[in-house]
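S.K.: Take 83 as the starting number for the sequence shown in our numbering and just add one per residue.
If you're looking for bench data, these hints aren't it; they were derived computationally from the structure.
We treat Cβ as the ideally placed atom computed from N, Cα and C, and that holds for glycine.
A portion of the hints provided could be inaccurate.
Beta-carbon label-pair distances, calculated as ranges [claimed, not checked]: (1) GLU252 <-> THR197: 32 to 40 Å; (2) ILE234 <-> ALA214: 28 to 36 Å; (3) ALA185 <-> SER102: 48 to 56 Å.
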Amino acid sequence: MLALIIIVAVIVVVVLVFVSIYNGLVKLRNRVDNAWSQIDVQLKRRHDLIPNLVETVKGYAKHEQETLDRVIQARNAAMNAGGVAATAQAENMLTGALKSLFALSEAYPDLKANTNFLELQEELTSTEDRVAYSRQFFNDTVLKYNNKIQTIPSNIVAGMFNFAVREFFEVEEPEARNAPKIQF
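Work out the full structure, taking the sequences as your base and the hints as a guide.
M.R.: So, in structure tokens, the structure goes:
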């Protein structure tokens, strides 16, 4: 009788540990998904600001259509990117195009003094900070999740239920690792 109680107790403990590990993995996976959606929100905000910025610059820099077109093309590519790696690459291209756009203001003093342009620049800078924070939070969450599914004993449960390693949101271009310097 005592042996039966011990066996039942061990089975209950194993089941409780199993359930606890599974629930922890689900919570971490959901945090990763939530962190990605926060990046998505900030990127959408960034994408929504760009047409206003381009229109403002257009009025002053009529001869710079190629730069404006590159910004719009990069924005469209970023909006249509799917997945972490493709989005990171598209956003890096957009950052480069925006650097070119802001560099134009040096050649157009009236543009540098335009209140609308300055407000849009400030909003974009604020949004860039939010994107950077969201990326950091996402990568921290992915790290916790990946560690959990790759360590014992949770890797056994993760393997049984097909929890997959997630990608980090990485900057692939070395020059994109540096924050853009914008001076007006």
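S.K.: All the hints need checking, so say for each whether the structure fits it.
M.R.: Hints and how they fare:
1. GLU252 <-> THR197: 32 to 40 Å: 37 Å, holds
2. ILE234 <-> ALA214: 28 to 36 Å: 34 Å, holds
3. ALA185 <-> SER102: 48 to 56 Å: Cβ of ALA185 to Cβ of SER102: about 54 Å, so the range 48 to 56 Å holds.
In terms of the numbered hints stated before, the structure departs from none.
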